[in-house]
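These two chains come separately, so use the hints to put the complex back together.
Chains S and P supply the protein sequences, listed in that same order. Per the working numbering, residue 1 is the first one in the first sequence, and the count goes up by one each step. Per the working numbering, residue 1 is the first one in the second sequence, and the count goes up by one each step.
Where hints are given, some of them may not hold.
[To be verified] Covered stretches of chain P, going by a simulated chain S footprint (3 or more residues, C-beta under 8 Å):
1) 94 to 101
2) 197 to 205
[Said to hold, decoys possible] Calculated pairs, SDA-like style, for lysine to any residue (alpha carbon to alpha carbon, straight line, at most 20 Å):
3) Lys323(S) <-> Thr110(P)
4) Lys107(P) <-> Leu30(S)
5) Lys323(S) <-> Gly165(P)
6) Lys323(S) <-> Met121(P)
7) Lys323(S) <-> Leu108(P)
8) Lys107(P) <-> Arg26(S)
9) Lys234(S) <-> Pro218(S)
10) Lys215(S) <-> Met132(S)
11) Lys121(S) <-> Leu265(P)
12) Lys121(S) <-> Arg8(P)
13) Lys121(S) <-> Val7(P)
What the hints contain is simulated information worked out from the structure, not anything from laboratory work. By construction, the Cβ of each residue, glycine as well, lies at the ideal position given by its N, Cα and C atoms.
Letter by letter, the chains look like this.
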Amino acid sequence: MTTLTKASETSAARENPARRRRRVDRLPYLLLLPCLVVICVLLLWPLGQVVAMSFFRLNNVRQLRGDREWPWVGFGNYAEILGDPFFLTVLRNTVLFAVANVALTMILGTLVGLLLNRLGKRMATFVASCVMLAWATPALTGTIVWKWMFDDTSGLVTWMFNALPDGLSNALFGRADWTGYGWFNSPLLFFSILTLVVVWHSFPFIAVSVLAGLKSVPSELHEAARVDGASSWKVFWRITFPLLRPVFGILVVLSTIWDFKVFTQQFVLAGGTQDRPTFMLSIYSYAEAFSPPPKYGLGAAVAVILTLILLLVTGLYVRMVLKQEEES
Amino acid sequence: MKRGTMVRRVALNGAGLLVALFAAFPVYWMIATSLKPNREIFSATPRPVPAHPTLEHYREILTGNLIPGVTFADFFLNSLLVAVSTVVLSGLVALLAATAVARFRFKLRTSFLIMLLVVQMIPLEALVIPLFLMIQRLGLYNTLPSLILTYLGFSLPFAVWMLRGFVAAVPKELEEAAAIDGASRFQTFRRILFPLVAPGLVATSIFSFITAWNELIFALTFINDQDRYTLPVAMTFFFGRDDTAWGPVMAASTLFALPVIIFFLLVQRRMVSGLVAGAVKG
Chain S
1 MTTLTKASET
11 SAARENPARR
21 RRRVDRLPYL
31 LLLPCLVVIC
41 VLLLWPLGQV
51 VAMSFFRLNN
61 VRQLRGDREW
71 PWVGFGNYAE
81 ILGDPFFLTV
91 LRNTVLFAVA
101 NVALTMILGT
111 LVGLLLNRLG
121 KRMATFVASC
131 VMLAWATPAL
141 TGTIVWKWMF
151 DDTSGLVTWM
161 FNALPDGLSN
171 ALFGRADWTG
181 YGWFNSPLLF
191 FSILTLVVVW
201 HSFPFIAVSV
211 LAGLKSVPSE
221 LHEAARVDGA
231 SSWKVFWRIT
241 FPLLRPVFGI
251 LVVLSTIWDF
261 KVFTQQFVLA
271 GGTQDRPTFM
281 LSIYSYAEAF
291 SPPPKYGLGA
301 AVAVILTLIL
311 LLVTGLYVRM
321 VLKQEEES
Chain P
1 MKRGTMVRRV
11 ALNGAGLLVA
21 LFAAFPVYWM
31 IATSLKPNRE
41 IFSATPRPVP
51 AHPTLEHYRE
61 ILTGNLIPGV
71 TFADFFLNSL
81 LVAVSTVVLS
91 GLVALLAATA
101 VARFRFKLRT
111 SFLIMLLVVQ
121 MIPLEALVIP
131 LFLMIQRLGL
141 YNTLPSLILT
151 YLGFSLPFAV
161 WMLRGFVAAV
171 PKELEEAAAI
181 DGASRFQTFR
191 RILFPLVAPG
201 LVATSIFSFI
211 TAWNELIFAL
221 TFINDQDRYT
231 LPVAMTFFFG
241 RDDTAWGPVM
251 AASTLFALPV
261 IIFFLLVQRR
271 MVSGLVAGAV
281 KG
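If we strip away everything but chain P, and leave its shape as in the complex, we get (with noise of 0.2 Å):
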């Protein structure tokens, strides 16, 4: 019986070790490649550590023009004016919608709570063709508003989702007890419930950042001029050419990745509260 509890112990953290491997791997090999030196990257037998560890693509990525003019500066500094702007106008926009669900019995409620889960399910591959056309028309193409536009409508629907439960969770004894003061709606909202759903908000804000920082597909689409291209447009654009200068790749994937794991970390648990939406007790 105690020989079959080791065996079995053995067995399960073996395994747990495979997943960890198997999971974390990747992410390893692109910081360690992306700190050896081109002999180490291409040599036949790779080293699994870095033997001379350097720093040497991460300044070619920094200081060299990716495109006549242009550096990976541009491209980063493009990604967070997008991500930011997205955040903050979509942060604001789902406060009211959350407090207005959260706090009121009105007749739509419950229709707009459907609505936004059906929302979130619709394909945005699906949109690229009419929201090109939109911006188009908009005469928005080719700037970077029209991608600010579009992330602020894919992420708005999670956020009001994730944001009504913190809302939610405010007392709302605290709001009456300033309401007796004598404290107006506003004063209300401003010095009572923002401070309190403050955590959730910037929780709330961290995935519309992910969201808008990671999007490809419809930056690659509306955006033509070199010098407009957001990271991932320019990272596919630098990763096509036909001879794969790995070690740049690898330096500029990390630096892209890094704001989006740590980020990611310190706020996944309400992703899957989020997502599975009641389903997950406890």
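Same shape as in the complex, but just chain S (with noise of 0.2 Å):
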């Protein structure tokens, strides 16, 4: 502000300050408008209205156009869905999934990013760029191949398995052919698959965000334990971590937000939502929405929930960021 008043002054002040002052006052306010109008209209109304729907039934599209009324059930839905043993197997999918996925994206992203800060120069690259390939790849390709490595007839994986020699496969697993086997008929396995698949997309992004704290953490520190004879695993738990504690929180908390919400990954490795028992909170919403029949009010109810359980965890978030840029 200070700078375009200043410089200003010279001219228009002299003429008309009192409008001037004004003007300054207004501009930052109309240059936010647009945004302002964006994010009210597209994401705090409809997060508004998400909970207004979840308060009827709706089980008409017409109801939506507005040609029907809407008969409210008060906490009817909620009462449905909570009431629902179905519901609890959901959230303990959900809540385990997220869990898992956390801890292993974390683990490994670490652990990778680590590895890249003692390789060569010429090694970290090649393997820092294989590590972007992973994260560029959209989700939808992403499921794609890997759905394709787990085909049970031409499939890389089917493939490996079968390649075992017979009698360890059967000493191991019970079978020694694999052809034709149902990688994603059980929950389990189909879990299995989809944590693999989510932990491929999301370690990339924790390893380089891990290597960039590394980079400002000063050597010398490192250094002098290792002269002193400290191991790799004391190192990193006396110094690396608590130096980077703040950034680790972050990421724990940003992953914890994206796995609690994973859509595309189960919606294409599930071939939609017809998969009820590895149904996790989003798609469950989705499905009890858009699957015939309809059910709207319903499906808002399960994405109120969703949204209050990721909102304690954005709280978080929040308070770190804020924390941080105070102490930069």
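So, in structure tokens, the structure goes:
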């Protein structure tokens, strides 16, 4: 503000100082206006709307268009969801999946970050480029390729299991012929493959962020600790981790938010919304609302529950970012 | 001691190669499969490298009709139209807002920044239902503008957050000098600030582009007519059939992913700094 006011005072302010000052005060708000309108109309209003919708019985698209009235059901939708034992399955799936994926992503990402920091320059560039490739791949294509690798007749994974010596394969898994094996049939296997796909997609971000953090730590600290005979394990927990604690905090929160609402990968891997035993909150909400018969109100209530869970995590995230902005 | 370091180096490099293989292999396999003739794709022993590389699958998806009268090019154009419109709108609005935040100190500045952060955390998956309602009410159901509008909302918060750094990085003295020389505010903006922020605007645009280009759920829900499908929707449709033709699917996936991968690699550095917002220094 000072720049523009001071600078233009020479010409404009002399003519009409009062008018000039008012314009300076308004300009930033004018510039913000389009952005605020977009955020309010396309993000905040729908967020309020989803809460409102969760209190009505909406089972017909004509109700949405406004042709028919909306019967108020109060907390009826919530009662229906929470009273359904299936909701517990969905909630358990969501939480277990998020916990497992955040843990695996963080561990793998951190290890790769540490590794990149210690590799020679050429090797580090090569590995980092490959890691970037996984990150850059759209979720949709990544999932399709993994699905192809798990194809039950010509998929690479099926071939690899077939290539195991029959005796070993029998002893370990109780079968030697894997052709036609239903990789996606049991929920546990489905979630394992989904985890593989999601971790493959998300560890690069963690690795690159950890690496960026490591580069900012003075290397003398590590060298001094090593000279004193500390093991790598000790160096990490005693020096690296405490210094990078804020980075790790934010990464865990971001990963948690992302892994709680995985949709595309699951939708593509399961081939739609038919596989109910593997439902998680986001796909459950979608299926309630959009697979026939539509139940928009019920779907909205599930979406609200998902949002409330994420709100808790987000509160944590915002507090961390603000603290860091203050510190730096 | 010397032997110890040798062993350690070999172990480190070995681990590096394993990580590289895990990360890059699926992308390689997608491209390799797309170039194999069918008898190699469906053979009992997969070949790591196509023995008889062919472009037949690309020819098939580019010339054949996926649905009567609709080709891959139509889906590609739908996606492109949606993504480019999103980029232009979101870039324009974000630039104005970023200028306000980076160049002015005003009362609600901090509140606005906090709101930007919070809004980015709204689970978009939870907005499918209310936005579906809005699109129905506006009469935009089954039109591409419904998607442009939706993606504008999704990409804007991150775009403002990222651009504000670029605007703040332009030295204020340049604008002061221009103002002293008698340039109007608009002229200062257009002649000084805009050219200097342009690279940042490009980087930001790429992120908006990727957001719009990759999105599946909303496109799946808001579009009904098959000739208006965007690429991701067309691919799930194409792919959801019983006997999966992996050759054409991999060729389509490659064509879909390639622009994103190239763009992404150009700007990934900004991504980290944008997301970790101040946590990572250096």
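I'd like to know which numbered hints this structure contradicts. Please list them from smallest to largest.
Hint check: 2 fails alone, others pass.
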